[in-house]
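Participant: Given next are the chains, with one letter for each unit.
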Amino acid sequence: MVGAFEFAPAIAALPFVSFLVALFVGRFMPKKGALAGITATGGSLLLSLWVYLAVLTSGDPHVEIVHTLIGVTDPFSLELGILIDQLSALMLLIVSLISFLVFVFSLGYMNDEGETGLPRYYAGLSLFSFSMLAFVMASNLFMAFMFFELVGLCSYLLIGFWFRADAPPSAAKKAFLVTRFGDYFFLIGVVGVLGTFGTAAFAGDGSFPVLAEQALAGEAAGINTFGFDPQTWFTILGLLVLGGVMGKSAQFPLHTWLPDAMEGPTPVSALIHAATMVAAGVYLVARMYGFYALSPTALAIIAFVGGFTALFAATMGVVKREIKQVLAYSTISQYGYMMLALGVGGYVAGVFHLTTHAMFKALLFLGAGAVIVAMHHNEDMWKMGGLKERLPVTYYTFLAGSLALAGIIPFAGFWSKDEVLFEALLRGMDNPIFLVAYAMGLIGVFFTGLYTFRMVFLTFHGEPRTTIAEDPHHFGWNMKFPMVVLGVLATVVGLINMTPVAELTGAHIEFLHIWFEHGGETLTVEHYGALLEQWAGYGAVDASTALVLGSGAVSLLLALAGAGAAHVLYNVPDPDEHTDKLGSIKTVLFNNYYQDEYQVWLAEGLTANVARGADTFDQGIIDGAVNGVSSVSLFLGDRARRLQTGVVTNYAALLTLGLVVLLVAVGILGGWFV
Amino acid sequence: MMIELLLGVCLVGGLAVFLLPDRYSARLSFGISLLPILASSYMYATFDGVGNALLEGSTLAFETRVNWLSVGPYELFYHVGLDGVSMPLIVLTTILTTLAILSAWTPIDERKSQFYGLMLLMEASLIGVFAALDFFVWFVFWEAVLIPMYFLIGVWGGPRRKYAAIKFFVYTNVASLVMFVGFFLLVFGLGDSVQSLGLPAIAGALSAPGAVGSVGGLSPNAVKTAAFFLMFAGFAVKVPVVPVHTWLPDAHVEAPTPVSVILAGVLLKMGTYALLRFNFTLLPEIAQQYALVLVAFAIVSVIYGALLALAQQDLKRIVAYSSVSSMGYVILGLVAFTLYGLGGATFQMISHGLISGLLFLCVGVVYNTTHTRMVGDMSGLAERMPITAGAIVAGSFAYMGLPLMSGFVAEFLVFSGSFAADFAYAPVFTAVAMFGIVIVAGYYLFAMQRTLFGEFSVSTDYEITRAAVHDVVPLVVLIVLIIALGSAPEIVFGMIEDAVRPMTELTTTQQADAGPAGMLGLGVSLLGGVLL
Amino acid sequence: MVPSQYYLVLSAAVFCIGLFGILTRRNALVFLMSVELMLNAANINLVAFSVQNGNLTGQVFSLFTIATAAAEVAVGIGIILVLYRNFNDVDVTTATTMRW
Amino acid sequence: MTTRPRLKLGSHLLPGLAAVALFVVMAAAFLSAQFPAPQGFGSGSITASIGYAIFDLSGPITSEYFLVAFEIMGVLLVAALVGAVMLAREEGGLGPLSGSGSRDVRADGAIETETESDH
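Residue numbers (the working numbering), protein chains in the order written: chain C, 20 to 693; chain F, 15 to 546; chain D, 2 to 101; chain H, 418 to 536.
This is chain C alone, in the form it adopts within the complex (with noise of 0.2 Å):
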C-alpha cells in the first residue's frame, strides 16, 4: 500500500488549498467558501482512513521529507517532513474526522444565521485544520514548533472573529500571548534539542529521542549536554518543551486564556478543544514520549501537573452560568487527565482518553452551539430550561456526551478516564506524589459529574425559565448531522479498548494496546515500557483482577454521585443557585481563583509599568544626554561666537595675540631664544 502515503502530503494539503479558495474567491461562491472547506476536509478524512488503513496493513511507519528549508548538512539541517505511524495515522483521522463535521456544522451555525465575514471564518477554518494536521504529521520538532504556532495563529484569527465587539479581540490576544509564553519555551527546546542533538527528528535511529537513551547508556558521542549531566540535560530539554504544551492544553498556570477563548465562534471552540489547538499539547508529548521517557522528573511533573490540573479545573466548572464556561473548565480538566496519563507512564491510556475527548467533546461542543442558535445566541443556563421536549436531537446526543465526559459506563469517557485513573494508582502504590495526583483525579471525576449534570439539568429539565427558551429557533440537518455522527462515536468509541472487561474475560479486546504495540521499533508502547523502566524507574507493577475492577468501581462511583448531586439539586423544575450558599467560596471559584488576575496583572500592570519606566528613562536619560551634548555645543557656540565683533581691530588684535602665543611656543620648543 505504497499509495496511501504518497498522497498522505495532501492531508494537509487538501485544507491549504480550501484555505487560499475561500480567501480569494470566497467571497464569489455559493456558501462562502464553506464547500470548499467540506470538500477539503472530507478528503483529508477519506486520504486518512486510507492511511490508516495502509498503517495498519504495513505497520511500519511511513517517513519522508517533503521541503527542505535550510539544506545545510552541517550543523543541522531543518526540513518539512511527515511522519505516519501508529499515533499519527490515528490522530490525522480524528483531527480530520472533527474539522468535516465542525464544517458541516458552521453552514447551519454560521451562514444560515447570516453572518458576515464568512470566506475570512472559512479560510481561518481551513487553515487551522491545515495547521494541525501538518503539526500531528511533523516528522521532527522544528517543524512541529512551526506548525504549532500556526495553530496559534489560527486561534487568534479565529477567536477574534468577530472583531467588532471588544471582548473577542481581547481573548484572542490573550490567547495567542498567553501560549506564546509557553511557546517562548518550546522555543528554547526546539533550539536546545537542535543544538544537543543535531537533529529534531521524532522517528528513526538518529532521532533525538533514541540519542538521548544512547547518551544516558554512555554509548552516543557527539553530544553536547552543555556542560550538563545528560539526565539532568535532559530533563531540562524536556521542561522547556513542556512550557509549550502546557501553554497550548492549558495546563495549570497557563489556562487562564481558554475560558476566555469562548468568545470565539461555537463551532471554532469545537474545533480548537477537541481536535486541533488544546490536543496540540498532549499530542505533542506522546509523540516525544520516548524522550520524556528518560526523564523520571519530567514524568512526575507532568502528571502532577495533569492531576492537579483535573480538579482544579473541574470545581471552577461547578459555579459558571454559561453552558460555553462548563465545556471550556472541563475541557481543561479532562486534559488535566491525559497529562495525568501521560506522566505516570500510561501512553495508550492517554491517547485512549485524547481519542475519546476528542469525540465527546466536539459532540458537546456542538450541541452546546446548537443549543445557542436555538436561544438565539444567549448562551446563559439560567435562562435556558426545558429544552429536552423541544430540542430532542439535541438533547440526547448531548446526553450521551455527558455520560462520556462524566464517565458512566459504558460510554467512551468511562473506559479511557477509567484506564487513566488505574495507571495512576498503578503508579501511585510506588510513589506517594503519583498518589496525590491520582488521588486529585479521583476528586476531579466527582465534580466532573457534578458539573456535567448540572449543565445538562440547567439546560434541557425542568421547566423554560425564559420566553426564548419556551420557543427555541430550529435548525437544519447540517447542523443534527454533525451531532448524531458524534453521538455515535461518543457512545461507542470507548469499545476499541475495554480494559477491564479484557481483564475480566482475558479476551484481547484491548485494540488500541495492539495497535500501538505495532509500529516503529523506537515508536511502540513496548518500547517507552523499557524505556520508563530502565531509566525512569517505573517497574511493572502486578495488577490483579481486583485493582482493575476496584478501580473502575470507584471512579464509576464517584460520577454517579457527581451525577446523582447534580440531579438532586437541579433535576427540578425550578431550580436554585444552591452555589450561592458556598458564600465566599462560590466567589473564589467564580472569580477562576483569581489567576486572570495576577496573569493581566503581569501582563499590563507590572509589564508596562517598566515600559513606561523605561521609555521614561529612555527619553529622560539617554536621549536627555543626547539633547545634552546639542545644548551644551549650542550654548558654547553661542558664546563663542560673541568673540566675533565685526570690529576689524578686535580680529587684527587676536590674530596678533595668537601669532605672539605661536611663536613663544614654538620659539620656546625650538630654542630659538638661548
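Since the hints were derived computationally from the structure, they do not count as laboratory data.
Computed from a predicted model, the values in this text were never measured in an experiment.
For each residue, glycine too, the CB sits at the ideal point set by N, CA and C.
A few of these clues could be false.
Covered, in the sense of this in silico footprint (three residues per stretch, anywhere, with C-beta under 8 Å from a C-beta of chain C), are these stretches of chain F [claimed, not checked]:
| no. | stretch |
| --- | --- |
| 1 | 144 to 158 |
| 2 | 425 to 438 |
| 3 | 446 to 456 |
With chain C fixed as given, assemble chains F, D and H onto it according to the hints.
Facilitator: The following block gives chains F, D and H in isolation, referenced to the frame of chain C:
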C-alpha cells in the same frame, strides 16, 4: 560591469528626475527604479560568487578593480564586487526603493521631482555601500547616503523634521568619525604590510600573526581592541544598538513613510553589514575575546528596545523601537560566530528589511487615510480598511516570528547559532534574548487590538476610504516576499551560507565550559532581572 | 656687509608699527596706510634674504609685491568709498554688519 | 584741576601692546639667530639683471624668469583698476553692497540660529 550599470542607472535617473518638472517625476522615477530591480534580479540569477569577499579563496561576482589614485603610501582602487552577503542586500535595496517610491505617490505632493530624485540618489549610494570593497570608495558611499537622507527627512518630514534631520545627521556623522579613527588606527597598526585600503588586502594582512604593530604607545593588542571598539561604536549608531539608538525613533516618526521604509529597511542594515564586514571579519579574535560585552549590548537592545516599544502610543514609534529590538538579534547572531549565527544574522537583515518595510508602509497607508498614527485615536479600522488591516496583521505576525514567514527562519537561525556559540553561558544568554519574542507579541497584539478591532471610530475628521491600488500593491509584494523567504529560505540562505562559512573558520574554538550550577543560577537571575 | 639680523629687526619694527596702527586706529584710511607699512616690511625681508642667499628672485618678488600693493590700494580705496557711502563714516568699528 | 594737554593713552591704545609684544618676540628671536655671511651677488648690475629676468632674457646675474608672472601682474592691475572704478562709482547698482540688504541677511541668520538652539 553590472554594478556600474546599477549605480549609473540610479545616478543618471536620479539626476534626470531631479531636473524634470514635477508632473512626470512620480511615474518616471517608478519606471526608472524598475531597471535596478531587473538588473539586480539578473545579477542574482547569474550570481557566481564563491566564498566571503574579504577572505582568501573567494571569487567575487561582478568584480571591477581599477587603480584610481594614490594617497601617501596607499594605492586607492575603485574596487566593487559582490559575495553572498552583499548580493541579497542589493536586491533588497532595489526592491524596497521601488516600493517606497510607489508608496510616495499618495503622501508626497510638493517638490516631487526633488523627492524622487533624492530617493534614486540614495538608492545609488546604498548600492555602493554594499558593493564597495575598498575602504575609500566604501566610505564615500557611506557618507553619501546621509545627504539625501538628511534632505528627505528635513524637507518632507513631519512637524519636528528639522530636529530629527539634524539629530540624524550629526549623530551618524559623529559615528562615522569615530569609526574612521578606529579603522585608520588599525591601518596604521598594520604599518607597511598593506599598500592599499582594499578591504580584502587588509583582511589578508590581518590574518598573518603579529601583523599589527604598536601605534602611539599602544600595545598591538590594545590597538586591535581600540580599533574594534571604535569601529563598533561607529557602526552601533547606525544599527542602532542601545544606548546610541535615540536618533532612530525621532527620525522614523518625522520622516515621510517612503523614507521610513528605506531608513528601517536598508539604512539600518548598513550598520550591521559594516559590523559583519569590518569588526567580525577583520578582527574576529577581538570579537571573541569580548563576546560577553557584545552579547550584553545585544540583549539590552533586544529587551530594552522591546520594552520601549511596549510603552509607545505612536504606531511609527512602535515599529521604530521594535527595529531596535530586532537588530539586537542581528548583533547576537554575529557575536555567536557560528554558521547559523552569522547566516541567521544576515538573513535577519533581509527579513527585517522586508518586514519593517511592510509595517511602515501599512502605518503610512493608515496615516494617509486617517491622518493620525496614535493608537488611542482610532479603533476598528479592520471594518473600513480590510486589506490594510490584513497587511498589518500579516506584518505584525511576521515580526513576531510566525513560522512560514521570513522572520521566524531568521530568528530561529540566530537563536540556534547563538545557543551553540563558544562564549560562556551562551545558552542562557540566548534564552534571555529570546524573551524578546514574547514582548514583541505583546505590543503588536495590543496595538492591533486597539487600532484594528473593536467598534469603528477615528478621532480625526477625514473620510475613511479604501486605500488606492498603488498603496496596496507594495504591501502585497512584501507579504509575498516575506512568505516566500519564510517557506523557502534556501533561495537566499544558500548564498549567505557560502559567504559566511569561511568566517566561522576564523575563530579558534575554545569551548568555555560553564558549570551547570553557575549557568542555571545566571539564567534564573537574568530572567528574573528581565522580568522584574 | 650688514648682517641679516639687522634687516630682519628693521622689518619686524616696520611690520609692528604698521600693526600698531591697525590695532589702535579706527580710520579706514589710516588702516590702508598701516597695511602698506606691513607690506613693505615683507619687502624688506624679501630683499634681505635675496642678498643673503645670492638669489635674484626675492628682489623680483618684491617688485611684484609693490605692484600688487598698488592694486590693493586701488581696490581698498574703492571699498572705503563704498563704506563711506553706506555708513557715512570711515570708522571701521561702525561697519559691524558681518559679525555672526 | 589744571588744564593741560593730556596724553590720550586711553584703552584704545591697549591692543597696540600686542604689536609691541610681537615686536619683542620677533626681535628676540632674530637677534639670537645666527646667519652665515650673506652671499651677495658679486659683480654685475643687480637692477639690470632684474630687468632681464622679468623679460625672460639672460642678464649678468643668472636667475629664474618671470615673464608670465609679469603679464599676470599687468592683468591684475587692470582688474584692480576696473574694480576700483566699479566700487567708487556713484550708485553702482551693485545691489548686495547696499546696507539694508546685508541687514536682512543678518536678521535671517539670527532667526535661524534661534530656532536651532530651541531644543
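Participant: Give a verdict on every hint.
Facilitator: Hint by hint, here is what the structure shows:
| no. | hint | in the structure |
| --- | --- | --- |
| 1 | 144 to 158 | violated (count 0) |
| 2 | 425 to 438 | holds (count 6) |
| 3 | 446 to 456 | holds (count 7) |
When the structure is compared with the earlier hints, a violation turns up for hint 1 alone.
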